[in-house]
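Heads up: the sequence lines are chains G and W, in that order.
Heads up: the first sequence runs through residues 1 to 481, numbered per full-length UniProt numbering.
Heads up: the second sequence runs through residues 1 to 413, numbered per full-length UniProt numbering.
For the record, the hints were derived by calculation from the structure and aren't laboratory data.
One or more of the hints may lead you astray.
Unchecked claim - Derived DSS-like pairs (lysine-lysine); straight-line CA-CA distance at most 25 Å:
1. W/302 <-> G/201
2. G/366 <-> G/351
3. G/165 <-> W/303
4. G/207 <-> G/167
What the hints assert, rightly or not - With the C-beta cut set under 8 Å, the calculated list includes, among others, these residues of chain W facing chain G:
5. 139
6. 142
7. 168
8. 171
9. 199
10. 237
11. 239
12. 377
Glycine is no exception: its CB is placed at the ideal position from the N, C-alpha and C atoms.
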Amino acid sequence: MFKIEARSTVFESSDKIQVELHKDVKHPHRLSFYDKPPLYDVSIEEFETSALNRLRILAEIESSAARNRTWEETKTVTTTQCEKYLPLKSSSALGVDRESQRRADHLGHFVLRLAFCRSEELRRRFVKAETTLFKIRYETDDSTERELFLSSRDFNWIAVDKVEKEKYKQGLLSYHSRVDSFEAERYYKVRWTRVPDLVDKRKIFLKGGWAYVPSREQSSIVYQEFETHLERDLLATARYMPRLDEDTRLKGILDNLSQGFLAGVSSEWSSTSTDLNGQSITADMVDDLAAKHFPMCMRNSHQKLRADHRLNHFGRLQYGLFLKVLGLSVEEAIRFWRTSFDRITDDTFNKMYKYNIRHSYGLEGKRANYPAHSCQQILTSGGDPGCPFRHFSAENLRSALVSMYGLKSEDLNEVMSTVKANHFHVACTRVFEIKHASSGVKKGDGTGGGESVTHPNQYAAKSMELAKAQEEKAAAMVVGP
Amino acid sequence: MLAFYRRLYPFKPIFHWLNHAPTPEDLFTKREVAFNLPGDVMIRYQSFADVDEFKRQVCKLNPTRFEIGPVYTSRPRDRKTARAGSFNPIARELVFDIDMTDYDPVRTCCSSADICKRCWAFIAAAVRVLDTAIRDQFGYEHLLWVYSGRRGIHLWISDQEAMRLTDEQRKAIVNWLNVVPKDESKRLNVRFGSRALPASLKAALDHLAMVFTELILLDQNCFESEKGSAALLRLIPDTRVVDALETQWASGLSSSEVKWKDFQTQIKSYKKDSSQRAQLIAAMEDIILQYTYPRLDENVSKKRNHLLKAPFCVHPKTGRICVPVDPAHIDEFDPEAVPTVTQLLGELDAADGADGVEHHSDWERTSLRPYVEMLEKHNQRMMDEVRRERRGTGTFLSASRSPQLNHSADMSW
């Protein structure tokens with residue numbers, strides 16, 4: 001009976017909060033434990049974009065871990081990416097729409113919860129990435145604002161008083177770095193189960209199951225709290241998922257999102273990048289470009305086409321759209337494919353292929369501007385042609401890497417071990433870095449600013465950009481004094 | 001074997017121990033029991049509604065031994081009807097396993113599977129240290145130590161908090177307690193820089209320093225052999241001292257005790273308060289820990305769903321019963337004096353005399369009795385606490401949930 005009463009008050013109060021929410025400042029702090037779900041109307045578009053932007057960040061955090069970036073590197077890369085896709089300014093920042101930034105942060109988090117609560121594996125990865133993001137924000141947060149945030153929540157720690165501190169002085173001191181600062185140090189007591197990371201590294205004094213956490217390690221309690229909190233909420237969300245699956249508007253988006261962790265989120269590459277390089281591409285240039293700038297999947301398609309003088313339907317679609325976005329006009333595309341299929345008559349070509357080429361350029365049928373396939377689509381496709389890193393056998397991949405990119409054995413082993421761990425886009429990114437080392441690309445730089453390859457066109461565009469920059473530099477050297 | 005299960009195995013105390021209460025609860029009904037049958041066959045995910053069914057099934061399958069697993073979200077035997085991904089372990093005793101084989105590099109009396117009264121001293125030291133550490137640092141009270149039947153000992157911790165630990169927390173406690181590196185050639189790494197030992201190890205060291213003299217220096221005589229002294233020298237971080245000792249010991253055989261004294265003399269050759277001396281004293285402490293500190297089989301403790309042999313099972317090789325051990329009298333425990341299954345059945349035949357009537361709790365009439373009583377006492381303490389707690393958090397709740405529980409408590413009044 002008591003229980004039921006208690007519950008009903010909870011319900012009432014949550015109703016009240018819902019009403020008040022619209023009046024009050026909703027997100028007083030930059031940091032958030034995401035206690036309350038978004039209780040407002042959201043357009044499908046906002047639903048998706050907020051989640052996609054956040055997913056980009058989380059995917060980058062994951063690949064940082066896969067690429068063994070140090071904490072500082074991860075922090076820098078993530079902060080840069082956040083700046084771009086998910087800016088979140090401090091409360092004191094001027095001239096920014098704080099409320100809408102925080103709303104996007106809040107909404108994105110909850111949408112992704114829906115997408116990632118479905119399996120143990122997804123939940124684990126999501127919690128890990130989100131906790132990392134929280135840590136980064138916590139560390140970069142303004143110290144007074146962080147204090148405010150901490151005091152806004154009850155973390156259930158017990159401040160250790162003087163008497164107790166004196167009682168365990170010897171014990172506490174043996175974990176303390178400097179004797180002289182001991183007097184000023186403040187300690188907080190929590191059950192040891194709340195700071196397993198500190199126990200694991202034997203960093204704190206333990207007595208009777210209580211961990212005596214010094215204020216400099218206080219963040220451990222906060223992170224752990226965030227993690228357990230999120231884990232618990234995800235499990236709760238997972239139980240409600242079957243009901244949500246009936247909503248057909250959301251299901252597709254959510255399915256798509258949960259796949260996003262596999263290959264990261266790519267930008268839409270549907271417009272051509274010709275403006276970027278200031279020149280259009282002709283059919284004759286493709287051979288040369290393929291050797292210099294194409295990612296492995298597209299180089300593979302190109303080689304196959306040259307060797308067999310044919311390419312299966314999906315290969316044509318994938319490669320054709322890639323070339324389109326690269327800047328090959330429809331006339332050049334027809335010329336390219338016509339010369340490639342040099343064993344058939346004009347008549348067959350016109351009948352069988354020309355329509356499809358024009359269709360993919362949006363000139364036939366429903367006249368849609370089809371974007372080029374992203375890594376995610378290629379990775380999850382059947383595998384013919386697919387992504388070499390995922391769909392090739394280990395031996396084939398090994399020899400292809402040597403023949404196409406001339407990888408040295410130590411680089412080769414590194415790439416292969418990444419592939420073995422199923423980090424395909426990381427492997428591809430690494431190949432990009434190795435290939436462009438002469439242009440000053442270092443390990444961990446990715447395609448710029450630490451970004452991973454998430455789209456074949458991104459790979460090619462960045463590669464061409466680097467080459468152009470180098471050319472200009474060389475030209476400047478010649479012209480210069 | 002069947003007679004052992006039918007007449008001797010203390011099913012009821014084991015049930016109480018797993019269940020923490022007199023009437024079946026989730027802790028028992030959703031608990032995995034796995035049977036090991038002859039020929040390396042293993043039947044997993046068995047679970048029982050009550051103690052009678054438990055006994056019936058054991059007698060039916062007559063396993064060589066059986067193991068205890070975790071409590072799951074639903075009954076393990078019905079796991080196939082559970083929704084995908086919703087059958088997960090949620091609770092289990094925190095368990096530790098100390099195995100003599102991990103001590104092979106530092107014992108000279110036996111090796112691998114053998115164990116004698118002399119090497120038991122290693123286990124005894126480990127039990128002392130762990131028992132104190134867990135009670136003092138982690139505040140757990142319901143610790144049951146069980147002899148594994150051959151060359152090791154298990155620890156089962158049944159405190160509420162311990163039962164609920166996640167895998168991550170279990171890993172943390174293992175890393176907190178585990179000190180000796182797996183790789184024998186590595187030195188201990190327990191200090192931050194050149195600082196004193198952390199409090200948890202300082203406490204252990206006081207006891208282990210005594211053990212070290214008696215066990216390592218005198219009994220096992222670890223450093224007498226060339227190999228033994230080479231191992232010791234590897235652990236000394238000061239090349240000058242190592243060179244000096246090497247030449248000193250090259251001439252002839254001297255005992256471990258003498259060598260240890262030589263080492264201490266060398267330390268004293270450095271001035272008091274000099275950094276070299278502090279470093280060597282730290283190294284000396286580390287060596288004592290390296291040779292005597294408990295060596296845990298980590299994998300047993302880290303995962304909730306690890307299976308561990310149930311107490312009172314028969315060890316298939318030795319025939320000895322896995323009996324509980326009192327940590328206060330661990331030094332007097334003699335593994336070779338533990339009753340074997342043949343011995344017990346013999347005692348039973350003798351006690352039966354001519355009537356030959358089978359009784360349920362025949363263990364009372366054999367030398368198994370003190371061990372079962374030890375478990376019953378342990379259970380009593382545990383169940384008292386559970387009962388107290390339920391009263392405290394709301395009589396209302398516990399009364400409605402298990403009326404028999406309060407009733408029986410009143411009766412015993």
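How the hints compare with the structure:
1. Straight-line distance between C-alpha atoms of residue 302 of chain W and residue 201 of chain G comes to about 15 Å, which keeps the hinted pair within the 25 Å bound.
2. Simply put, residue 366 of chain G and residue 351 of chain G have alpha-carbon atoms about 19 Å apart, close enough for the 25 Å limit, and the pair holds.
3. Taken as a hint, the residue 165 of chain G and residue 303 of chain W pair is broken in the structure, with Cα atoms around 35 Å apart against an allowance of 25 Å.
4. In summary, the hint linking residue 207 of chain G to residue 167 of chain G is supported, as the alpha carbons are separated by about 12 Å, within the 25 Å threshold.
5. Interface hint at residue 139 of chain W: satisfied, since its Cβ lies 3 Å from the closest Cβ of chain G, which is below the 8 Å cut-off.
6. About 13 Å separates the beta-carbon of residue 142 of chain W from the nearest beta-carbon of chain G, more than 8 Å, and the hint is not met.
7. Among the interface hints, the one on residue 168 of chain W holds; its C-beta lies about 5 Å from the nearest C-beta in chain G, closer than the 8 Å criterion.
8. Contact between residue 171 of chain W and chain G, as hinted, is supported at the beta carbon level, the nearest pair being about 7 Å apart and thus within 8 Å.
9. For residue 199 of chain W, the shortest C-beta to C-beta distance to chain G is roughly 4 Å, which falls under 8 Å, so the interface hint holds.
10. The interface hint given for residue 237 of chain W is broken, as the beta carbon of that residue sits about 21 Å from the closest beta carbon of chain G, more than 8 Å.
11. The beta carbon of residue 239 of chain W is not positioned within 8 Å of any beta carbon in chain G (closest approach about 29 Å), and the interface hint is therefore violated.
12. Hint status for residue 377 of chain W relative to chain G: violated, with the closest Cβ pair at about 23 Å, above 8 Å.
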